[in-house]
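Novice: Listed here are the chains, written in short residue letters.
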Amino acid sequence: MASKRKLVLLLTPFCIFFCLFFLNAFLKSIITSLGYYPIVKLRKITLDYYLSAFSDPSFITISLRTFIFSMISAAFACIIGLFLALCLQRTTGIWKKVFTRFTQIPVMLPHVFIVLALLQLISQTGIISGILLKLGWISSSNQFPLLVNDPWQIGVVITYLWKEIPFVVVSLILVLSSMKIDYRDVAFNLGASKFQAFCKVTLPLIQTSLINAFIINFSFNFGSYEVPFLLGNQQKELLPVYIYNFYVQGDITKMPLVMALNVILSVFSIIFALILLKISKSLSKWNQG
Amino acid sequence: MIKYGINGSYFGVVSVHCMFCLPYAIKLLEDNLALYGDKYEGVSTNLGANWWQTFIRVTLPLSKNGLKGAILMTYIVSMTQYLATLMIGDGKYLTLSVRMFPFTQAGRYKIAAIYAITFLIVTIIPLYIIEKVLIFRRGRHLS
Amino acid sequence: MSYYLEAINQEKNHRRILKNISLEINDNSILAILGPSGGGKTTLLNILARIDQPSYGKFYSSDNIVPKGIMIFQDYRLFPNMTVFQNIAFGLRVKKKSRSLINIRCQKIMKTMDIADLAEYYPHELSGGQQQRVSLARAMILQPKLLLMDEPFSSLDENLRLEMLNFVKKIQEKFKMTIVFVTHFKTEAYLLSNQVAILIDGQIMQKGTPKEIETHPESFAVAKFLGQANFIPGELDENCFISSIYRGPVEIKSDSRQLLYIPFSNLITVDKTDYFAFEAVVKEINWIVNENRLVLNIDQVQIQINSNSSQFKIGKSYKFYFKQLPVVF
Numbered sequence: 001m002a003s004k005r006k007l008v009l010l011l012t013p014f015c016i017f018f019c020l021f022f023l024n025a026f027l028k029s030i031i032t033s034l035g036y037y038p039i040v041k042l043r044k045i046t047l048d049y050y051l052s053a054f055s056d057p058s059f060i061t062i063s064l065r066t067f068i069f070s071m072i073s074a075a076f077a078c079i080i081g082l083f084l085a086l087c088l089q090r091t092t093g094i095w096k097k098v099f100t101r102f103t104q105i106p107v108m109l110p111h112v113f114i115v116l117a118l119l120q121l122i123s124q125t126g127i128i129s130g131i132l133l134k135l136g137w138i139s140s141s142n143q144f145p146l147l148v149n150d151p152w153q154i155g156v157v158i159t160y161l162w163k164e165i166p167f168v169v170v171s172l173i174l175v176l177s178s179m180k181i182d183y184r185d186v187a188f189n190l191g192a193s194k195f196q197a198f199c200k201v202t203l204p205l206i207q208t209s210l211i212n213a214f215i216i217n218f219s220f221n222f223g224s225y226e227v228p229f230l231l232g233n234q235q236k237e238l239l240p241v242y243i244y245n246f247y248v249q250g251d252i253t254k255m256p257l258v259m260a261l262n263v264i265l266s267v268f269s270i271i272f273a274l275i276l277l278k279i280s281k282s283l284s285k286w287n288q289g
Numbered sequence: 001m002i003k004y005g006i007n008g009s010y011f012g013v014v015s016v017h018c019m020f021c022l023p024y025a026i027k028l029l030e031d032n033l034a035l036y037g038d039k040y041e042g043v044s045t046n047l048g049a050n051w052w053q054t055f056i057r058v059t060l061p062l063s064k065n066g067l068k069g070a071i072l073m074t075y076i077v078s079m080t081q082y083l084a085t086l087m088i089g090d091g092k093y094l095t096l097s098v099r100m101f102p103f104t105q106a107g108r109y110k111i112a113a114i115y116a117i118t119f120l121i122v123t124i125i126p127l128y129i130i131e132k133v134l135i136f137r138r139g140r141h142l143s
Numbered sequence: 001m002s003y004y005l006e007a008i009n010q011e012k013n014h015r016r017i018l019k020n021i022s023l024e025i026n027d028n029s030i031l032a033i034l035g036p037s038g039g040g041k042t043t044l045l046n047i048l049a050r051i052d053q054p055s056y057g058k059f060y061s062s063d064n065i066v067p068k069g070i071m072i073f074q075d076y077r078l079f080p081n082m083t084v085f086q087n088i089a090f091g092l093r094v095k096k097k098s099r100s101l102i103n104i105r106c107q108k109i110m111k112t113m114d115i116a117d118l119a120e121y122y123p124h125e126l127s128g129g130q131q132q133r134v135s136l137a138r139a140m141i142l143q144p145k146l147l148l149m150d151e152p153f154s155s156l157d158e159n160l161r162l163e164m165l166n167f168v169k170k171i172q173e174k175f176k177m178t179i180v181f182v183t184h185f186k187t188e189a190y191l192l193s194n195q196v197a198i199l200i201d202g203q204i205m206q207k208g209t210p211k212e213i214e215t216h217p218e219s220f221a222v223a224k225f226l227g228q229a230n231f232i233p234g235e236l237d238e239n240c241f242i243s244s245i246y247r248g249p250v251e252i253k254s255d256s257r258q259l260l261y262i263p264f265s266n267l268i269t270v271d272k273t274d275y276f277a278f279e280a281v282v283k284e285i286n287w288i289v290n291e292n293r294l295v296l297n298i299d300q301v302q303i304q305i306n307s308n309s310s311q312f313k314i315g316k317s318y319k320f321y322f323k324q325l326p327v328v329f
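Residue numbers (our numbering), protein chains in the order written: chain A, 1 to 289; chain B, 1 to 143; chain C, 1 to 329.
Think of the hints as simulated: they come from the structure by calculation, not from any bench. Possibly wrong hints are sitting among the right ones.
[Stated by the list, open to error] With a Cα cut of at most 20 Å, we get these calculated PhoX-like pairs of lysine-lysine:
no.	chain 1	residue 1	chain 2	residue 2
1	A	K194	C	K96
2	C	K108	C	K12
3	C	K12	A	K96
4	A	K194	C	K97
5	C	K186	C	K211
6	C	K316	C	K272
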């Protein structure tokens with residue numbers, strides 16, 4: 001193996017790059033959020049912005065809403081993805097190939113693309129509504145259920161699922177196919193039912209990657225802006241939209257507050273991810289060492 | 001960012017994309033490498049190869065799958081990056097997804113759809129080529 | 001009670017792996033399925049374990065219950081996410097047995113298997129021998145009537161192998177179950193089993209006691225698999241075999257290959273019998289534990305035989321006899 005010094009040397013370019021962009025930006029955000037913002041003559045270090053963020057009831061509701069929303073859509077993506085991955089694992093031959101190809105397409109397309117497709121398809125003036133209208137199943141386009149910009153964020157959830165289910169499927173399939181031994185056979189031979197084999201054997205074996213996928217999905221849902229902006233409900237804002245709106249209002253004195261919100265969002269995501277990782281790790285004691 | 005004057009520069013946009021792509025690339029390649037450990041590198045060194053030969057002839061071919069995944073994934077991440085491109089690029093660097101966004105927002109679906117189709121082509125064709133080129137040799141399945 | 005395999009055929013990817021296998025397995029016995037790798041041994045075992053369904057054919061028992069063998073896999077397949085205890089308890093746990101019962105039974109079987117100290121270990125922390133004990137315990141706790149073992153001892157070293165062989169024999173006697181195990185080591189098969197079935201190329205070539213198999217192989221394929229023999233090409237003329245080293249009467253098993261079968265042991269002797277074989281010069285004498293392996297030259301042909309006599313000298317010529325009529329395949 002490479003010596004420690006060589007390792008440091010090899011990692012230097014990455015570290016420089018990482019420090020320059022990521023850490024730098026993050027530290028700047030923290031400093032600004034603490035009230036040090038020389039451009040508008042703010043120099044006093046204070047926690048006021050955090051306090052005001054936390055005492056703002058709308059911020060708290062929006063955060064809570066975003067959290068629940070992210071949890072639910074990430075969980076849905078994982079459950080459906082898990083189901084599909086297990087089905088796919090069992091199919092063989094040409095269908096497996098076709099289906100695998102098919103799951104790659106959503107991963108490749110940007111969210112905007114899917115938003116566009118959804119707007120065309122399921123909005124009240126969209127294609128499906130139009131067809132139903134033509135067929136006479138509904139008498140006006142208002143009767144078609146509100147699926148985009150709706151208070152339940154259904155449009156956003158559908159977009160996220162469309163992107164994230166294939167991601168879950170792909171990563172789980174990788175794990176499943178790297179397990180050369182089919183432990184389910186062993187479980188069946190020892191008298192387990194299908195459900196027992198799944199709960200006691202398959203699930204524990206893939207739980208690490210499942211939780212990883214969940215964390216990635218959750219963080220994305222929690223922090224991404226463009227989809228809720230386009231498809232979300234204006235009254236029931238989600239956190240990223242809320243923060244971005246603050247940011248583009250252009251009130252430069254509000255900058256520390258925006259940064260405080262940003263830091264809260266990031267730190268919360270990180271802590272949440274760490275907790276999940278911790279849980280996942282404690283569930284897979286067998287995998288260490 | 002603003003301070004370093006890379007705002008609105010090509011370098012800035014590339015760097016930010018790079019930053020978003022790196023985690024994916026690192027994760028995929030690391031998983032791939034972990035699959036084999038360093039035992040084959042050991043064999044190679046033992047047979048008299050130097051580190052460069054080992055890297056070219058052993059490590060790189062073994063990382064083929066991870067590399068393929070990493071290239072595909074980072075390409076996609078970069079292609080679909082919207083907000084970062086917009087903010088760092090100062091709106092001057094129009095990638096397809098940046099261009100598409102306002103049209104979608106404004107409800108000009110026809111133009112947006114044209115961009116979407118372009119996007120589809122620009123994404124799928126290179127990905128297809130990458131995938132084909134990177135398959136050096138197909139594994140044979142012994143029954 | 002007996003188990004029956006009736007015309008079992010297995011096809012995978014348009015390849016016939018098992019061809020018309022019919023077999024009777026007696027209760028309370030140990031049957032070895034012996035054969036080269038790739039002969040379909042594991043496939044057959046999977047059918048007995050009901051992991052696979054055969055393409056055609058039936059597997060049933062005389063007591064009308066659908067039989068299912070509990071399998072010990074070649075690579076043990078201990079669940080990596082469970083401790084030794086959890087692995088062993090698995091079969092009872094999925095049957096929803098009470099916790100106290102599971103505890104008692106597990107403790108007992110772990111004591112029998114001498115793995116009581118390992119209860120809280122994970123499989124990857126165990127040695128091969130320990131893993132095998134755990135997998136044996138995991139199967140035995142279910143008190144199976146039919147236990148299946150896939151190459152059970154192949155990855156163990158010599159001493160451990162003998163120890164495990166005896167151990168398995170002991171538990172078989174104790175629990176009165178039927179064991180079917182597959183192996184490609186004939187000594188392993190002979191040591192452990194009462195009955196050996198030779199499976200080559202998806203077909204049962206011969207079934208019998210170890211002695212029957214070793215002394216009377218019924219076909220060329222079996223003889224070749226058992227090894228330790230010379231095959232001398234020649235021609236058949238009625239009941240007479242004509243070859244460069246021997247011409248005379250033979251027993252004909254199947255005339256397709258026209259090969260004279262001379263096993264290393266139990267056929268050739270220097271003591272005079274009714275069947276004169278050949279005169280040969282001793283070329284080499286190699287010591288192989290209790291016996292010597294002689295390399296003999298007959299004209300240009302070289303053959304090998306085992307002998308425990310010490311009368312041979314290198315370079316000298318001796319007269320050899322067959323103990324009984326030699327066989328031609």
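Novice: Each hint needs a verdict: does it hold in this structure or not?
Specialist: So, going through the hints one by one against the coordinates:
no.	hint	verdict
1	A/K194 / C/K96	holds, 15 Å
2	C/K108 / C/K12	violated, 41 Å
3	C/K12 / A/K96	holds, 18 Å
4	A/K194 / C/K97	holds, 18 Å
5	C/K186 / C/K211	holds, 11 Å
6	C/K316 / C/K272	holds, 18 Å
Of the numbered hints stated above, the single one contradicted by the structure is hint 2.
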